[in-house]
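Trainee: Given next are the chains, with one letter for each unit.
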Amino acid sequence: MNRLSKSGYLLFLPAAFFFSIFYYWPLLVNVVLSFFSWNMVSSKIKFVGISNYTDIVQTAEFYSVIVNTVLFVLFLLIFNFVLPYIYSYILAYVLKYGKNLYKVFFFMPSLFSLSVASILFLWIYNPLAGPIDAILQIFGLDSPRWLKEPILVIFSISMIIAWKVFGYNFILMLAAMMSVSKEMIEAARLEGASDWVILRKIIIPQTSSSAIYVFVITVVFGLQYVMIPVNILTQGGPNQGSANLVYVIYQYAFVFYQVGKSAAYAVLTMLLFVIFAWWRNKVLDKKVYYEN
Amino acid sequence: MRLKAILSGLFCMLALLVLAGCGNSTSNSGSANDKVVEIEYWHVASDSFGGQTVRELVADFNKTHPNIKVTEKFNPDMYKGLTQNLQAALASGQTPDVVQMGWNFLNYAHENFETENIDKIFADAGDPNFIKDTFEPNIARLAQTDNGDQVGVPYSLSLPVLYYNPDIFKAAGLDPNKPPKTWEEVAEYAKQIKEKTGNPAFFMQEYADTWTNQALVESNGGTMLTHKDGKWQAGFDTPEAAHAYQVIADMVKNGTGLHATNEEGFQSFTSGKLAMVATTIGKRANFEKSSNFKVMTTTFPAFGNKPVKVPAGGNFLMILSKDKAKQKAAVEFVKYLESAENLTKWDTGTGYLPPRKNMAQEGPYKKLIDENENIKKAMEMLPNVTPWVSFPGQNGLQAEQVLIDARDVILNGSKTASEALHEAALKINDLLK
Numbered sequence: 001m002n003r004l005s006k007s008g009y010l011l012f013l014p015a016a017f018f019f020s021i022f023y024y025w026p027l028l029v030n031v032v033l034s035f036f037s038w039n040m041v042s043s044k045i046k047f048v049g050i051s052n053y054t055d056i057v058q059t060a061e062f063y064s065v066i067v068n069t070v071l072f073v074l075f076l077l078i079f080n081f082v083l084p085y086i087y088s089y090i091l092a093y094v095l096k097y098g099k100n101l102y103k104v105f106f107f108m109p110s111l112f113s114l115s116v117a118s119i120l121f122l123w124i125y126n127p128l129a130g131p132i133d134a135i136l137q138i139f140g141l142d143s144p145r146w147l148k149e150p151i152l153v154i155f156s157i158s159m160i161i162a163w164k165v166f167g168y169n170f171i172l173m174l175a176a177m178m179s180v181s182k183e184m185i186e187a188a189r190l191e192g193a194s195d196w197v198i199l200r201k202i203i204i205p206q207t208s209s210s211a212i213y214v215f216v217i218t219v220v221f222g223l224q225y226v227m228i229p230v231n232i233l234t235q236g237g238p239n240q241g242s243a244n245l246v247y248v249i250y251q252y253a254f255v256f257y258q259v260g261k262s263a264a265y266a267v268l269t270m271l272l273f274v275i276f277a278w279w280r281n282k283v284l285d286k287k288v289y290y291e292n
Numbered sequence: 293m294r295l296k297a298i299l300s301g302l303f304c305m306l307a308l309l310v311l312a313g314c315g316n317s318t319s320n321s322g323s324a325n326d327k328v329v330e331i332e333y334w335h336v337a338s339d340s341f342g343g344q345t346v347r348e349l350v351a352d353f354n355k356t357h358p359n360i361k362v363t364e365k366f367n368p369d370m371y372k373g374l375t376q377n378l379q380a381a382l383a384s385g386q387t388p389d390v391v392q393m394g395w396n397f398l399n400y401a402h403e404n405f406e407t408e409n410i411d412k413i414f415a416d417a418g419d420p421n422f423i424k425d426t427f428e429p430n431i432a433r434l435a436q437t438d439n440g441d442q443v444g445v446p447y448s449l450s451l452p453v454l455y456y457n458p459d460i461f462k463a464a465g466l467d468p469n470k471p472p473k474t475w476e477e478v479a480e481y482a483k484q485i486k487e488k489t490g491n492p493a494f495f496m497q498e499y500a501d502t503w504t505n506q507a508l509v510e511s512n513g514g515t516m517l518t519h520k521d522g523k524w525q526a527g528f529d530t531p532e533a534a535h536a537y538q539v540i541a542d543m544v545k546n547g548t549g550l551h552a553t554n555e556e557g558f559q560s561f562t563s564g565k566l567a568m569v570a571t572t573i574g575k576r577a578n579f580e581k582s583s584n585f586k587v588m589t590t591t592f593p594a595f596g597n598k599p600v601k602v603p604a605g606g607n608f609l610m611i612l613s614k615d616k617a618k619q620k621a622a623v624e625f626v627k628y629l630e631s632a633e634n635l636t637k638w639d640t641g642t643g644y645l646p647p648r649k650n651m652a653q654e655g656p657y658k659k660l661i662d663e664n665e666n667i668k669k670a671m672e673m674l675p676n677v678t679p680w681v682s683f684p685g686q687n688g689l690q691a692e693q694v695l696i697d698a699r700d701v702i703l704n705g706s707k708t709a710s711e712a713l714h715e716a717a718l719k720i721n722d723l724l725k
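Protein chains in written order, with our numbering: chain A, 1 to 292; chain B, 293 to 725.
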């Protein structure tokens, strides 16, 4: 029933043309590059087979990078998925006054660029001259080294991204919360359902399609956002403590000038994202309610 | 009919694409027939870092040299950014003629960017002794590889110095006119300041490079890199190097030293909270401008009475042109940039130190020094300048990263300097194979 006519194919062609040039061709080149050792300039390009991959998998660095990436995802899910979910519920169903004020306040930071946010937080985190330190000093405490301790650095960077992204995700969730039909909730109330039952049986299922969208962009975009503060504030440090899958691709290509390894990392990263997308489609989508 | 419309639409789009592609190539070949030689100059001078000076220098050169036209191009993100852009430019065959190359990219540039021998380029242009006549031997050597090949012409120098805040010194009962000369004194001063003010008192820059660490190691009699059995190996797996690193780590451990990102350390200093910062003289103008106290400078501290050795930061000029006429024009331009007067302009705009002989004794730069005590202190260290070690080979830049990571581990206190340096040396030797 959805078969294309001749002119249909023709209309499809320009998009396909650009898509294959700007998406699939680079992807193919990237896969090819991952089998070579090259620095992008030298005339010496050496075919090394799969040794870029075997080298990567054999280093401890690869696994610490994956652990860091998972930690980033966990923190980002808490700040940019779970919290917006709870806040939007509170705003839609619990709070009586000042809703618009909160909407504006929460959304405002998402208008700033991440570089601006990074510089801002550089001041906030300053262990000797920053405001957090000033507060801690009142209690006689020393400021932690926000950007210089393993794991803490991932939390600190996730906070910067949360500051920017929270508002946008919050507005998306709020729109979904508001569109749950009032009649259904009224009817449930008349039947004597508690707030908890209404949340579990009506609101969560009804907002699940938006929630899944926010969940996916939190993971996929979030990992790309990580690149900017990491590059500005830590360059992957301390001791590669904030290096993640996206940053190492950049680091190998443009800091170490090892294109082959970088391409291999990119392919591995893509595979992980493919697995994520497959899991989302197969497992997660089954539990989601779509209106149409 | 509809099909036709669609087809013509597609055709228009294709035509546009093709035309857009042609546009570039036609405009490039337009001026090839003129007598004027066009060369391109790549630099890292942003508007807050001598950008205006570069534009003035280039405009003035073009005015006084009617047969040469220099176009300047700014590259963001300093020398790393410039090298990245250069990679791309060379890959597409659009080579600039004169570039500012960071000292730490010397080996990399020499191994990867095919250039004609710089001595031959100057000889062909009729001035074979320019480099020898213009620079002291230890400065000319900075732009040479280890086997003595001259890769470029020294242009901008920076070196690490110790900045301090005289107000905090006074508050802690220290004499601002007697800044610490050795690391032992730095540690004592920091301890006294910590006791009086409660704040950490010392920060050493933590850029993603090993510049100041090299200064520490070499000033304590250590080396970064050694040549053994025909192979390059890490040279810092020694007690001297470990002790040099450990001095800073101990200060961090007992709370008198600050371990933070670079910008955090600098902010703490300019906001008057931190007493001492060891970083590049290139930060002088910025510090003087953004602090509300009188920023003072002293020479990089020594270990006991061992001689201080500081690696050169900044850049040298490389000539990449293949064409003879362009090479000649590039030499002309480089000589113009290296004149005492133009170096003074450039260094006023950026805060770099001039590489040329006798700048401190005569001419326009002497005036500058007489007015600013901080520059004078830095100029005193020029005889102590050594080349910034860059690790050789395809994995060289990755090897440097290993050492950067080791610094974090040491300052963190999770390992002692000798343990961390030993592990880093093993990794680096593996990478340099």
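Treat the hints with care, as some may be off.
As the list claims (entries may be wrong) - For lysine to aspartate or glutamate, the following DMTMM-like pairs were computed, each having C-alpha atoms within a straight-line distance of at most 20 Å:
1. A:K46 with B:E403
2. A:K44 with B:E580
3. B:K719 with B:D521
4. B:K545 with A:E149
5. B:K719 with A:E61
6. B:K412 with B:D438
7. B:K488 with A:D133
8. B:K355 with B:E624
9. A:K44 with B:E408
10. B:K372 with B:E428
11. B:K488 with A:D142
12. B:K483 with A:D142
13. B:K637 with B:E580
Quick caveat, the hints were computed from the structure, so don't treat them as lab data.
This one's a predicted model, so the numbers in the text were calculated from it and none came from an experiment.
Trainee: Enumerate the violated hints, using their earlier numbering and listing them in ascending order.
Mentor: Violated hints (numbers, rising): 2, 10; every other hint is consistent with the structure.
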